[in-house]
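Asker: One-letter residues, chain by chain:
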Amino acid sequence: MWVYIARRLLALPLVLLGVSVLVFLALHLAPGDPAQIMLGEVAPREQLERLRQELGLDQPLVVQYVRWLGRLVQLDLGRSIRSNRPVVEEIGARIPATAQLAATAVAVAVAIGVTAGVVSARRANTWVDQVVTIVAMAGVAMPVFWQALMLILLFSVYLGWLPPSGRLGGWQYLVLPAVTLGTSAAAAITRMTRSTMLEVLGLDFIRTARAKGVSEARVFFHHALRNALVPVVTIVGLEFGSLMAGAVITETVFAWPGVGRLVVDAIRSRDLPVVQGCVLFFAASYALINLVVDVTYALLDPRIRYG
Amino acid sequence: MSIQRLLSNHKAAAGAAILAVITVGAVLAPWLTPHDPIQQNLSQRLRGPSWEHWLGTDQYGRDMFARILYGARISLRLGLVSVGIALLLGGAMGLVAAYYGGWLEQVLMRLVDVLLALPAFLLALTVVAVLGPGLNNVMIAVGISYVPIFARLTRATVLTVRELDYVAAARAIGAGDFRIMLRHILPNAINPLIVQGTLAMASSILAAAGLSFLGLGAQPPTPEWGSMLASARPYLRLAHHTVTFPGLAIMVTVLAFNMLGDGLRDLLDPRSRGLHRTAPREAGPAA
Numbered sequence: 001m002w003v004y005i006a007r008r009l010l011a012l013p014l015v016l017l018g019v020s021v022l023v024f025l026a027l028h029l030a031p032g033d034p035a036q037i038m039l040g041e042v043a044p045r046e047q048l049e050r051l052r053q054e055l056g057l058d059q060p061l062v063v064q065y066v067r068w069l070g071r072l073v074q075l076d077l078g079r080s081i082r083s084n085r086p087v088v089e090e091i092g093a094r095i096p097a098t099a100q101l102a103a104t105a106v107a108v109a110v111a112i113g114v115t116a117g118v119v120s121a122r123r124a125n126t127w128v129d130q131v132v133t134i135v136a137m138a139g140v141a142m143p144v145f146w147q148a149l150m151l152i153l154l155f156s157v158y159l160g161w162l163p164p165s166g167r168l169g170g171w172q173y174l175v176l177p178a179v180t181l182g183t184s185a186a187a188a189i190t191r192m193t194r195s196t197m198l199e200v201l202g203l204d205f206i207r208t209a210r211a212k213g214v215s216e217a218r219v220f221f222h223h224a225l226r227n228a229l230v231p232v233v234t235i236v237g238l239e240f241g242s243l244m245a246g247a248v249i250t251e252t253v254f255a256w257p258g259v260g261r262l263v264v265d266a267i268r269s270r271d272l273p274v275v276q277g278c279v280l281f282f283a284a285s286y287a288l289i290n291l292v293v294d295v296t297y298a299l300l301d302p303r304i305r306y307g
Numbered sequence: 001m002s003i004q005r006l007l008s009n010h011k012a013a014a015g016a017a018i019l020a021v022i023t024v025g026a027v028l029a030p031w032l033t034p035h036d037p038i039q040q041n042l043s044q045r046l047r048g049p050s051w052e053h054w055l056g057t058d059q060y061g062r063d064m065f066a067r068i069l070y071g072a073r074i075s076l077r078l079g080l081v082s083v084g085i086a087l088l089l090g091g092a093m094g095l096v097a098a099y100y101g102g103w104l105e106q107v108l109m110r111l112v113d114v115l116l117a118l119p120a121f122l123l124a125l126t127v128v129a130v131l132g133p134g135l136n137n138v139m140i141a142v143g144i145s146y147v148p149i150f151a152r153l154t155r156a157t158v159l160t161v162r163e164l165d166y167v168a169a170a171r172a173i174g175a176g177d178f179r180i181m182l183r184h185i186l187p188n189a190i191n192p193l194i195v196q197g198t199l200a201m202a203s204s205i206l207a208a209a210g211l212s213f214l215g216l217g218a219q220p221p222t223p224e225w226g227s228m229l230a231s232a233r234p235y236l237r238l239a240h241h242t243v244t245f246p247g248l249a250i251m252v253t254v255l256a257f258n259m260l261g262d263g264l265r266d267l268l269d270p271r272s273r274g275l276h277r278t279a280p281r282e283a284g285p286a287a
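Just so you know, the sequences run in chain order A and B.
Numbering (the numbering used here) for the first sequence: 1 to 307.
Numbering (the numbering used here) for the second sequence: 1 to 287.
Okay, chain A solo, but in the shape it has when bound (with noise of 0.2 Å):
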């Protein structure tokens, strides 16, 4: 067991460091000179030619790479062109939006995919099984982004129940975001809890129980249910994988100030710096909560050693 983690943990910084060597190789071909934005189009040469000795950038790429790789151990990742405003900065004062976005959607999703699941695994196969499978197809293929603007036309416009966009604080401003976000990855979830208690409830522990006189709620809940978690775990964390990707989306449509809708002011405004430091922040947190949901599972489930 701990030499699995220990193993996975030196296999995080490698990982890293090739997702680093791409953002860093990507965005030093990407078209556009970044001295020549910082400063404007109408920049004086000599200015220009400074600012381009300053950033470095007339060194051969390699020595660029290494400087920067220097840096970024140090996490400095250099300073917003748009802002003039360290990286680190700019993103750690977004971490904690986007965190608590995070963790709420998750919670949404879990509360809602595992009960639409319990409820279509003990009614399979009648109409309640039907409409669940139904609304979870349908929930699959919604952008997030339609639904986002059809909840806000719902509840801001029509009922003026929450404020449509914005964090000024106060829960109000957390319920639509979060539900968007969080019923976007719940049909994931309530297959694989269907599927999973399904399973289980056809294993012979389960005869076992109710030919000694469990009663079915407790068969159901206390045997059933709490096998069936193990691999719920598993599609949650990779849920997560599609959870950051519609926090970008959602963070936008909500005026959300988190990393998400950092990362596409960057894009739009062409800020590279700030680019490629998001871009490392969402690697190392995918990574670091693969890394997590995979010794849970582990933990949760004593039949898996990982050797």
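Be aware that a few hints might be false.
Claimed, not checked - Covered by chain B, according to a simulated footprint, are these stretches of chain A (three or more residues, beta-carbon under 8 Å):
id	segment
1	15–28
2	44–58
3	64–76
4	128–135
5	280–292
Unchecked claim - Partner residues aside, some chain A positions facing chain B, computed with beta carbon under 7 Å:
id	residue
6	141
7	143
8	157
9	158
10	159
11	161
12	162
13	249
14	267
As the list claims (entries may be wrong) - Here chain A is said to cover these stretches of chain B; the calculated rule only asks that three of the stretch's residues, wherever they fall, bring their Cβ under 8 Å from a Cβ of chain A:
id	segment
15	48–57
16	196–204
17	213–225
18	231–237
The set of hints was computed from the structure by calculation and includes no laboratory data.
Backbone N, C-alpha and C fix where the C-beta goes; we use that ideal spot for every residue, glycine too.
Knowing the structure of chain A, use the given hints to seat chain B on it.
Answerer: Coordinates of chain B only, in the frame set by chain A:
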């Protein structure tokens, strides 16, 4: 696979039927509506659905039905080109990696690992950041974002086919590597690729619409569904049909591809059901 067999699966049949309608609508768009999707008509702004304008008009008085029909052309092309790129590049990488093995496989698969370090949509977003916004760049970006998934899938399938006796037989009668790969291995490894290709159509249409919604894809006045939604957003309060219908169009199209893909999986590739690690799940609503 015969048409009868396809139709025997209700999901696949329903998906195929919806897609047939959408395709016909896209191809015959100029004959199905008298309205121009781009020509503005400011005296007819934000009208609700009527006999003249079935789905109403948008903020510039353009017919929504016409724009959605023409939008189907763009979305179908987006899906086809992106999945084509992913299949060609990813398929080639997986085929070569599995067939030759050794250092080549190591290099290719480590590259795939790095690409998988980001969720597909974020990878596409990064590629767009590099290439700059635009419809063509979005197709390339979304295509690249699915390369790792197809590379892994092709490699996994080819690894099993490669060991079969008839491949050894083909080699014994002197067939070259290229011929063995393309004529003998690929046709027998194609089913999972067809299934995932169909599902990837759904997710790539969704991803491309998402990028356009963020202003990074198709630019106005192109009648692309995602960008239509984005530019109609300020009128949500006044005329919500300008937002509702493009979203429904995306949803129905994506749903149809997912249904067809699910059905094809049941028909062609029953073993891979429930495989989540290597295969892309169907279009996440992420985008």
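Asker: Which numbered hints turn out to be false for this structure?
Answerer: Failing hints, ascending: 2, 3, 4, 9, 10, 11, 12, 15, 16.
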